[in-house]
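Sequences listed follow chains A and B, in order.
Residue numbering for the first sequence follows our numbering, beginning at 4 and increasing consecutively.
Residue numbering for the second sequence follows our numbering, beginning at 25 and increasing consecutively.
Because the hints were derived from the structure by calculation, they are not lab data.
In this text the structure is predicted, and so the values were computed from the model without any measurement.
Check each hint, because a few of them may be wrong.
Said to hold, decoys possible - So the derived label-pair ranges between C-beta atoms look like this:
1. G285(A) with L39(B): 57 to 63 Å
2. F173(B) with G8(A): 54 to 60 Å
3. L300(A) with G155(B): 52 to 58 Å
4. T144(B) with L129(A): 39 to 45 Å
5. S83(A) with A151(B): 41 to 47 Å
6. G8(A) with A151(B): 38 to 44 Å
Said to hold, decoys possible - Computed far set for chain B versus chain A, every beta-carbon distance over 12 Å:
7. E50
8. E75
9. T91
10. A99
11. T106
12. R111
13. L116
14. P145
15. M146
16. A171
17. E183
18. T190
19. P206
20. L266
Stated by the list, open to error - With the C-beta cut set under 7 Å, the calculated list includes, among others, these residues of chain A facing chain B:
21. L94
22. F97
23. R190
24. V205
25. G206
26. R211
Built from N, CA and C at the ideal position, the CB exists for glycine as well.
The residues making up each chain are set out below.
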Amino acid sequence: MKLAGHLALAVLLAVFLLAPFIVHPGLVFIAGFAMIQIVFALSWNILFSYAGLVSFGHAAFFGIGAYLSAAALRYGWNVSFLLIPPASFALGAFAAFLVAIVVLRRANGIQFSVLTLALSQLVVVLIGYSPYLGHDEGISAIPRPVINLGIATLNLANPLANYYFVIGVGLVTILLIWLVVHGPLGRTMQAVRIDPERAAFVGIDVWRLRVASFTLSGGFAAVGGSLLAPWAQIVHPDYVNWLASAQPIFATLLGGVGHFWGPVVGVLGLAGLNYFTRTFVGISEIVVGASLLVVVLVAPQGILGALRKAARKRKAAAGAHP
Amino acid sequence: MILDAQGIEMSYGALKVLHGVSLQAEEGRTLAIIGPNGAGKTTLFKVLTGERLPSAGTVRFRGEDVTTLPAFRRARLGFGRTFQVARIFSELDLMANVVIPIEARIRAGGGSAGPRWRWTPMPEVRAEAEGILERLGFARSRWEDEAQFLSHGDRKRLEFCVALATRPGILMLDEPTAGMSPSDRREMTRFLARLKTETGITIVMTEHDMDLIFELADTLMVLNYGEVIAAGEPSQVRDDPLVKKVYLGHGAQHA
Ligand SMILES: Nc1ncnc2c1ncn2[C@@H]1O[C@H](COP(=O)(O)OP(=O)(O)OP(=O)(O)O)[C@@H](O)[C@H]1O
Ligand SMILES: [Mg+2]
């Protein structure tokens with residue numbers, strides 16, 4: 004099972020890295036988009052599968068990165084675009100920190116989730132009032148930057164350079180998230196998710212841990228958002244609203260709750276469904292919704308959960324009849 | 025006096041459960057609290073460890089007033105606690121269960137549990153965790169097992185590891201052998217006796233098992249309907265007529 008998992012990951016990585024050479028540009032666009040969604044969904048899953056918090060409004064943090072990056076490119080800010088993902092992290096984390104210290108102080112559980120949803124819809128409304136952020140139409144015709152790397156320049160107007168930029172930043176972010184949740188901090192998050200009271204009795208400051216988790220998660224979501232502007236060349240409030248906030252939730256439920264790679268499987272599954280149903284106008288949503296329903300009913304632990312269960316069963320059966 | 029509680033009162037809504045309970049635990053000694061079901065033993069533990077605020081009374085730990093201190097701060101001061109029904113991090117493996125409190129302790133003490141990019145526990149953390157697991161009789165081959173598949177007795181023992189990993193100054197044990205098989209009970213009794221003599225740790229515990237109590241307790245306190253009806257030398261308390269009437273008479277079946 005472990006070997007199969009590593010193998011699947013290696014194949015997936017190879018597919019992402021070689022996509023421009025093996026599939027047509029339409030699919031390459033979907034691959035880049037999937038990478039952005041993967042970063043977003045993984046950032047959400049830090050909260051859900053590790054810290055035990057459910058955010059219904061996570062697209063607000065994604066949106067902070069997306070609009071920061073869109074404004075920087077559209078209005079020609081005089082900064083290297085290399086600084087935009089880290090700056091998005093800082094701004095997203097800061098916003099998440101403020102939300103956490105205000106909202107988590109009083110509420111957790113479902114109240115917390117609903118408050119995050121309300122705050123994110125407030126962000127959508129505020130964007131609607133802002134001419135700088137393009138009201139409801141958003142910021143479009145975003146130019147792709149030229150990045151000066153000192154020894155060379157990377158012109159993102161070149162489709163290959165653009166693709167590898169998105170994939171590269173995405174992979175680095177995934178690695179960082181992996182390290183965070185598998186280290187001491189991630190262990191502490193899990194302790195708090197499983198039994199917050201027990202965690203307190205071994206000396207863990209549950210409130211601080213939750214604030215830290217939310218802050219990090221908001222930062223990583225914003226990094227995902229910052230990749231949207233150069234990739235899609237348009238950023239609008241649909242990326243910030245509640246439906247956008249639902250995407251990482253769907254991806255995690257589909258892929259497997261409680262697994263680090265669950266959201267990745269889910270995003271790819273959703274992207275695949277969307278791709279194969281793209282020609283049936285109006286039916287696409289129904290198919291996606293129905294598939295989700297089937298997964299939740301048939302395999303409530305998601306795809307990875309069902310695979311793990313099957314592997315355990317096989318192992319048990321093999322143990323019984325060697 | 026390491027732990028000194030005075031006049032503790034506590035209610036669940038309209039139900040008053042503790043009526044002015046006072047207790048003292050001396051450094052290095054074992055205080056056992058007994059009493060019939062529903063006497064308020066667990067509730068008293070909740071107040072002492074910071075899970076609940078008392079409506080009246082004070083709790084002092086090493087002279088410091090900790091009455092309103094939240095549980096995690098008390099844990100950092102040195103309160104180690106186990107629960108009547110063992111509470112462990114059931115979805116994690118045995119090793120992680122013990123590593124988590126060690127890392128929490130190091131971080132709370134201003135130390136570093138290792139650089140952020142390092143995901144495996146630091147060697148000294150792991151070594152300490154291994155020592156604790158071995159001490160409670162968990163074989164190396166089981167360290168990576170998920171805690172949720174443990175037997176009842178093993179859950180209790182693992183919870184004990186979790187409590188020890190915080191390096192407590194005082195151990196608060198709520199029925200450490202509840203629901204255990206007789207052999208597990210004897211093993212736990214032996215282990216506690218050894219821990220007591222080897223480390224000189226202070227223990228406050230509730231227990232229904234009289235053999236364990238008379239083997240370990242230096243002081244015995246009897247709680248009945250939220251009031252202390254007797255306290256002192258275990259052998260003297262045992263012969264108190266009131267105690268015999270409310271507890272030991274039928275408690276003998278427990279033992
Ligand atoms: N969370 C609660 N809410 C309301 N009443 C409670 C609660 N917990 C306990 N009680 C009541 O408070 C009283 C004391 O309970 P407590 O658990 O402290 O007793 P105990 O001495 O630990 O008993 P046991 O030997 O069964 O563990 C009982 O009458 C119990 O029903
Ligand atoms: Mg009790």
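Here is what the structure says about each hint:
One distance hint, 57 to 63 Å for the beta-carbon pair G285(A) and L39(B), holds here, with the actual separation near 59 Å. Between F173(B) and G8(A) the C-beta distance comes to about 21 Å, which lies outside the given range of 54 to 60 Å. In this structure the supplied range 52 to 58 Å is violated for L300(A) paired with G155(B), their Cβ-Cβ distance being about 47 Å. Under the hint 39 to 45 Å, the C-beta atoms of T144(B) and L129(A), about 44 Å apart, fit the expected range.
Under the hint 41 to 47 Å, the C-beta atoms of S83(A) and A151(B), about 46 Å apart, fit the expected range. Taken as a hint, the range 38 to 44 Å is violated for the pair G8(A) and A151(B), whose Cβ atoms sit roughly 29 Å apart. For E50(B), the shortest C-beta to C-beta distance to chain A comes to about 23 Å, beyond the 12 Å cut-off, and the non-interface label holds. The claim that E75(B) lies off the interface is violated: its Cβ sits roughly 7 Å from the closest Cβ of chain A, which falls inside the 12 Å cut-off.
Non-interface status of T91(B) relative to chain A is upheld: no Cβ of that chain comes within 12 Å, the nearest being about 17 Å off. Its beta-carbon lying about 4 Å from the closest one in chain A, A99(B) breaks the requirement of being farther than 12 Å from that chain. Distance to chain A contradicts T106(B) as a non-interface residue, since its nearest Cβ pair spans about 9 Å, not more than 12 Å. A cut-off of 12 Å between C-beta atoms contradicts the statement that R111(B) is not in contact with chain A; the least separation is 4 Å.
Look at L116(B): its CB is around 6 Å from the nearest CB on chain A, not clear of 12 Å, so calling it non-interface is violated. Consistency note on P145(B): stated as away from chain A, yet its beta-carbon is not over 12 Å from all of that chain's, at 7 Å minimum. Interface exclusion of M146(B) from chain A breaks down, the closest Cβ pair being 9 Å apart, not more than 12 Å. The Cβ of A171(B) sits about 10 Å from the closest Cβ of chain A, inside the 12 Å cut-off, so the non-interface label is violated.
Distance check on E183(B): its Cβ comes as close as 9 Å (rounded) to a Cβ of chain A, failing to clear the 12 Å threshold; non-interface status is violated. The beta carbon of T190(B) is not kept farther than 12 Å from every beta carbon of chain A, the shortest such distance being approximately 5 Å. With a cut of 12 Å on Cβ distances, P206(B) stays outside the contact zone with chain A, its closest approach being about 28 Å. No Cβ of chain A approaches the Cβ of L266(B) within 12 Å, the least distance being about 34 Å, so the stated non-interface status holds.
Interface hint at L94(A): violated, since its Cβ lies 21 Å from the closest Cβ of chain B, which is beyond the 7 Å cut-off. The interface hint given for F97(A) is broken, as the beta carbon of that residue sits about 19 Å from the closest beta carbon of chain B, more than 7 Å. Look at R190(A): its Cβ gets to within about 5 Å of chain B, closer than 7 Å, so that hint holds up. Given the 7 Å rule on beta carbons, the hint for V205(A) holds: about 4 Å separates it from the nearest Cβ of chain B.
Against a cut-off of 7 Å between C-beta atoms, the interface hint on G206(A) holds, since the closest Cβ of chain B lies about 4 Å away. Because the closest C-beta pair between R211(A) and chain B is about 9 Å apart, greater than 7 Å, the hint is violated.
Violated hints for the displayed structure, listed by number in ascending order: 2, 3, 6, 8, 10, 11, 12, 13, 14, 15, 16, 17, 18, 21, 22, 26.
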